[in-house]
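S.K.: Below, each chain spelled out in residue letters.
Protein chains: 2
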Amino acid sequence: MSGPVAEAVSCGLLKYPAIMHTHGGRARAIESKDLRIDIAFIAAPTCDTYGNINGVEGKSACGSLGYAIPDAMYAERVVAITDNLVDYPACPIEISQEYVDYIVKVDAIGDPKGIVSGTTRITKDPVGLKIAKLAAQLIDESGLLKDGFSFQTGAGGTSLAVAAYVKDIMKRKNIKGSFAAGGITGYIVEMFEEGLFKTLFDVQCFDLKAVESYKNNKAHQGMSASMYGNPHNKGAVVNNLDVMILGATEIDTDFNVNVTTGSNGIIMGGSGGHSDTAAGAKLAIVVTQITKARLPIIVDRVTTVTTPGETIDAVVTERGIAINPKRKDLLERLKDSNLPIFTIEELKNMAERLTGVPEKIEFDERIVAVIEYRDGTVIDVVRQVR
Amino acid sequence: MSGPVAEAVSCGLLKYPAIMHTHGGRARAIESKDLRIDIAFIAAPTCDTYGNINGVEGKSACGSLGYAIPDAMYAERVVAITDNLVDYPACPIEISQEYVDYIVKVDAIGDPKGIVSGTTRITKDPVGLKIAKLAAQLIDESGLLKDGFSFQTGAGGTSLAVAAYVKDIMKRKNIKGSFAAGGITGYIVEMFEEGLFKTLFDVQCFDLKAVESYKNNKAHQGMSASMYGNPHNKGAVVNNLDVMILGATEIDTDFNVNVTTGSNGIIMGGSGGHSDTAAGAKLAIVVTQITKARLPIIVDRVTTVTTPGETIDAVVTERGIAINPKRKDLLERLKDSNLPIFTIEELKNMAERLTGVPEKIEFDERIVAVIEYRDGTVIDVVRQVR
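Line by line, the protein sequences give chains A and B.
So the first sequence is residues 1 to 386, counted in UniProt numbering.
So the second sequence is residues 1 to 386, counted in UniProt numbering.
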């Protein structure tokens, strides 16, 4: 949920509160029947006349269909909507005819420009690069960066820059990783093609280079949202992550992260895989500038808890790094490090010295959205903006 | 069920009757929770340390794991047993870590000699070849053998010989089929590699040539038992079959087929995909000698109904062909054919003239096995042998 829809929800347009899931939590809710889907409409870049679907052929090819798989498997009725209806049988098959009731042919299922053409880009901003370099050094010093290393990062410019620095270290030290996961970007594909990872687990391709790789390289493997992050199946991919690079709109002194609401209190996005990967990864690192738009990012208490602090291991900013005090082992390992390590309170104070303490956002009492943690418990609510 | 186990069941060693499913019916029973599996033990030719399984790597590589998929997805607990435990993550993945609870490493999961090395063989028996040639001619005259043709045959020598004759016709007439399905043999792989089929749907590889092809050719696609033949999902592969070649131990004048019990009344096998493919295919052909071991194969009433006659379209023997009278359209199409077409009663009489009418097998009253049709209804029972 983002943009005008999220704004409408924040302004109270829904009769009942929206329920916001994580990627893995949504798969869990569907599989456990917490969330019953009457009809799923599935955009199919390619669909054959009996309902077999793939995302790699056709003018709207988008790669992995991982997020649609639980819906297809569990919805009462499944409608495939395609702009590339092909003779039976399609090949490959990502969503099987077993699950599809109806097929609707349309002229276009979406705007292919919505997928980044070519590859997603690394930041050129010197602050972002500084943060990324520090994060990569932290990963290196954590002891996790060795043969069998596994890694996930979002598609943001700073996150990708972390990948670039990690790549340099891996090449210099001749480290062969096991897998990279997540929404896959062209940059991660390059690392894979250079032999730095044995396989990729891809729930959604972020750019056309990733789509191409997913189509052609069998070690670039698809995964469903459940395989990716469902906490109640018999083992999700996130559980095997060594390092996850995360973003934040706010992070508080308990390391709780908000990626749900913006500085105006309005919903700006969902967790996505934020909470899932944070919970799974051995080292979940939030990378962020210490201030944004004259507001501190590190605060006493986040407006909305998206991801609980107990699952966040470190915050890396351009001014320094804070390690979650629960990670005594990591603090011990880093005790002789030259990295600029501070307490989270020290980072918060640095931020506030730059920006002052902003006024609290005021909300109405009415709840407009419920934030479900990945296991289905309620971790926070969002109230109507005034 | 076959061999000593089947014999023991027929002799009444089980306290309660055995319940015999078809391949698709078993998937249906599992998915509908008619059949609840407490623990599934899955032989895994390759398994990684987190439970991802494939059948294409390792010394016991057997190809498609289609029959194990419903068990893995629905059993309360799933134990992977492997003789090739590999680093995470395995690639490819046929059964996902989502479903696997435990992994047990053993020295050998089975005897690879159980899979035919090289390719399964076409019959050299002139009677079998005559039947096969007649069956291929019938297929040709049925009007189904054209571009988009789809086909399945078992691994028996006569069935494969039908494939060989069909192949000749397809090549001569430059026909491009859509798919072949089933347990896949090297012979079908050869047809696929020659471009006679666009893809293969493989639930189980019958020989090492099929294993090799399944591993290396992405258009040689796996399918689960449910995708193959479950009558209650949203569309099984059998539904799209044009022609299916079936065997029989007996067939009666109502076209009911027995592949469950032998001439001594003892259980000799299950339906496998017999009933599933017969129900799905547009033209389900039973190929059989008219007599075997001095017994007529075409009889008044089969000892056990495995597959109902309403789903069988034709019987082809070395003495002639019988078309199910329900298939008026097919009889009409063949009315000027030079094929040796008889009524099923005429074929039965030919058989009995050769062998005489055998004495009825005598059974005890006690039921030792219940034959479930693919939809879960009881189509017949097997009684204890005397």
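Don't take each hint at face value.
To be verified - Derived EDC-like pairs: lysine to aspartate or glutamate, alpha-carbon spacing no greater than 20 Å straight-line:
hint, chain 1, residue 1, chain 2, residue 2
1, B, K234, A, E31
2, A, K234, B, E57
3, A, K218, B, E76
4, B, K234, A, E57
5, A, K33, B, E76
6, A, K33, B, E310
7, B, K176, A, D300
8, B, K218, A, E57
9, B, K328, B, E345
Calculated directly from the structure, the hints in this document are not laboratory data.
S.K.: Please flag the earlier hints that this structure goes against, numbers listed from lowest up.
M.R.: Structure breaks hints 2, 3, 4, 6 and 7.
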